[in-house]
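Take the sequences, apply the hints, and build the full model.
In order, the protein sequences belong to chains C and F.
For the first sequence, position 29 matches number 75 in the working numbering, and the numbering has no gaps at all.
For the second sequence, position 83 matches number 564 in the working numbering, and the numbering has no gaps at all.
Think of the hints as simulated: they come from the structure by calculation, not from any bench.
Note that beta-carbon positions come from the ideal geometry of N, C-alpha and C, so glycine has one too.
A portion of the hints provided could be inaccurate.
As the list claims (entries may be wrong) - As a list, the in silico BS3-like pairs of lysine-lysine whose alpha-carbon atoms are at most 25 Å apart:
1) F/Lys523 <-> F/Lys552
2) F/Lys518 <-> C/Lys53
3) F/Lys583 <-> F/Lys503
4) F/Lys583 <-> C/Lys111
5) F/Lys539 <-> F/Lys549
6) F/Lys552 <-> F/Lys503
7) F/Lys523 <-> F/Lys549
8) F/Lys538 <-> F/Lys549
9) F/Lys523 <-> C/Lys53
Stated by the list, open to error - Covered by chain F, according to a simulated footprint, are these stretches of chain C (three or more residues, beta-carbon under 8 Å):
10) 57-63
11) 87-97
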Amino acid sequence: SAVISQKPSRDICQRGTSLTIQCQVDSQVTMMFWYRQQPGQSLTLIATANQGSEATYESGFVIDKFPISRPNLTFSTLTVSNMSPEDSSIYLCSVTSGASDGELFFGEGSRLTVL
Amino acid sequence: GENVEQHPSTLSVQEGDSAVIKCTYSDSASNYFPWYKQELGKGPQLIIDIRSNVGEKKDQRIAVTLNKTAKHFSLHITETQPEDSAVYFCAASMSGYSSASKIIFGSGTRLSIRP
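Pasting the structure below:
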């Protein structure tokens, strides 16, 4: 299994500002993922964070809005840029290891409220 | 692409009774079906999974059944307890593929256990 720490756990932000969420894993992992969970909704994959290369974004998500860094095999950041109230969501960091064969491990999430 | 539908969206059962959550999937190539439990303020956590070479799997009070022909799979919780109250997500993917972009989640079921 993997233990994932996210910061901040929650924040209240003003419209037009940007916020960076940090994700730290207790072991080296090849793939890290960022999900968005809007209030009462399911999990939507934003992007896959690749170490040493640009992130791979899912349809509907762009790098200018959600820039991602992956400087090493245990750490990643997601920035939510130029926030609007529609960005109010829980943002979850997730990893899968080669041994887990599909199992995802999630952090506890970062709950953002944009006013 | 894969589409996963989950029912019901909310479920309330008396403590000690059983709860059943049902999902259907569209892609016959999917062969790995995990279930995640998300408690309030936490990230989802895998509770049980099943692969398409078996029809049923049990782990104490929880069981999952799979009907590959009908593309249905279900989660069964027996002797429900207050700590079972949470949101449950089903998912479908292809086993052995470590990219989260191939894991499709259902819309979630909020389970409440009445004392």
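Given pair status - F/Lys549, F/Lys538, alpha carbons within 25 Å | holds (14 Å)
Pair hint F/Lys523 and F/Lys552, alpha-carbon separation not exceeding 25 Å = violated (30 Å)
Quick check: the region 57-63 of chain C, covered by chain F? Criterion 3+ residues, Cβ under 8 Å.
-> It is violated, with 0 qualifying residues against the three required.
Pairwise hint evaluation, F/Lys503 against F/Lys552, where the allowed Cα distance is 25 Å at most = Measuring from Cα to Cα gives roughly 11 Å; hence the hint holds.
Is F/Lys518 close enough to C/Lys53, meaning Cα to Cα at most 25 Å?
-> holds (22 Å)
For the pair supplied as a hint, F/Lys583 and C/Lys111, is the alpha-carbon distance within the 25 Å limit?
-> OK: F/Lys583 and C/Lys111 at ~23 Å, within 25 Å.
Is the hinted pair F/Lys539 and F/Lys549 satisfied, with a Cα-Cα distance of at most 25 Å?
-> holds (17 Å)
Agreement of F/Lys583 and F/Lys503 with the hint, judged by alpha carbon distance not exceeding 25 Å = Judged against 25 Å, a Cα distance of about 20 Å means the pair holds.
Coverage criterion applied to the region 87-97 of chain C (partner chain F; beta-carbon cut 8 Å; 3 residues) | holds (count 5)
Regarding the pair F/Lys523 and F/Lys549, is the alpha-carbon distance no greater than 25 Å?
-> violated (32 Å)
Below or equal to 25 Å on CA atoms is what counts here, so check F/Lys523 against C/Lys53.
-> holds (13 Å)
Of the numbered hints listed earlier, those contradicted by the structure are 1, 7, 10.
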